[in-house]
Amino acid sequence: MLRVPAHLRERALGMLQGGVRTADVARAINCNVRTARRLRQRYRETGWTADCPHSGRPRVTTPAQDRYIRTSHLRDRYRMATTTARVTPGTHNPSINAQTVRNRLREAGLRASCRPVVRQVLTRHHRQQRCLWAQTHRRWIRQDWQKVLFTDESRFCLTRGDGRICVYRRRNERYTEACTLERDRFGGGGSVMVWGGVSQHHRTELVVIAGNLNAVRKREDILLPHVIPFLQAHPDMTLQHDNATSHTAHSVRDFLQDRNVSVLPWPAKSPDLNPIEHVWDLLDRRVRARAIPPRSVWELAGAVVEEWVTSHSKNWQIWCSP
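Numbering follows our numbering, with no gaps: position 294 of the sequence shown is 425.
If you are wondering where the hints come from, they were derived from the structure by calculation, not from laboratory data.
Mixed in with the good hints, there may be bad ones.
[As the list claims (entries may be wrong)] Have a look at the derived ranges for each label pair, beta carbon to beta carbon: (1) ARG302 <-> HIS409: 53 to 63 angstroms; (2) PRO402 <-> PRO424: 48 to 58 angstroms; (3) LEU413 <-> ASP182: 51 to 61 angstroms; (4) HIS409 <-> ASP385: 46 to 56 angstroms; (5) ASP389 <-> LEU312: 32 to 42 angstroms; (6) SER427 <-> PRO360: 40 to 50 angstroms; (7) GLN230 <-> ARG208: 17 to 27 angstroms; (8) GLY150 <-> GLN230: 22 to 32 angstroms.
A virtual CB, placed ideally from N, CA and C, is assigned to each residue, including glycine.
Generate coordinates for the entire structure from the input sequences, incorporating the hints supplied.
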């Protein structure tokens with residue numbers, strides 16, 4: 132028989148204290164007469180109508196085994212629950228269940244639903260160069276960063292799965308048509324590569340790059356027609372670009388050196404702290420939030436350029452603030 136809810140227990144107790152017969156109370160809350168009698172007797176003995184605490188299901192692990200489970204997974208964060216369950220004997224069975232291990236880890240605040248952060252393989256030299264760069268620029272103030280032109284390339288795809296789409300479904304509905312999404316695994320449909328540069332108060336034109344970007348195209352299609360005129364108009368600016376092959380080639384370095392272009396040193400395998408990455412993300416969100424999304428590569432290129440040009444100046448300064 133179902134248990135009587137808490138609000139019905141309070142109602143029944145009030146009726147009993149008001150002089151209503153036990154049979155009428157049981158009929159009103161749809162329970163047995165003996166249930167109503169036990170309810171009144173429990174209130175007389177304990178002073179409340181809630182259930183008495185129960186011991187519950189006995190634990191199959193001892194406190195020492197709980198500490199062993201927690202310590203094992205803290206030492207090896209990639210250890211599987213089935214491995215721990217296989218080598219941990221239970222109090223009543225030769226081994227415990229893997230779900231028991233997960234329960235003990237959950238009690239300790241450890242969950243297996245977190246994906247590990249993927250990071251670069253850094254040598255000792257890379258770490259030293261990172262620290263040296265940080266120590267050199269740690270005293271820079273906002274006015275110093277405002278004089279840096281941050282540049283980078285980005286690729287925009289027509290179809291892209293970012294893993295942030297969630298679907299609500301019931302059990303056994305994983306492969307139903309309403310709960311599946313067709314998406315090309317390799318970003319099919321075409322893509323557009325663009326180049327741009329931003330600073331606190333300025334920005335360059337957005338250049339659509341057809342094909343791959345090499346040192347020759349970097350010099351002839353980007354530096355000569357866009358970067359050099361911009362830096363000549365703003366002689367106090369410093370150019371920043373990463374260590375891509377097209378940026379660090381000897382021909383590109385000699386080209387910039389011959390024109391007295393100041394380049395911000397950038398350590399190898401440095402953390403991607405370029406503020407233009409936020410601009411790329413917001414541009415991508417704006418393009419995908421359009422009422423009529425682009426359906427071809429040409430429409431995608433036009434949409435990205437249009438969003439770059441028509442962005443509000445106030446929002447632009449917020450995006451590019453260091």
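Query - Enumerated hints in conflict with the structure, sorted upward - result: 1, 2, 4, 5, 6, 8
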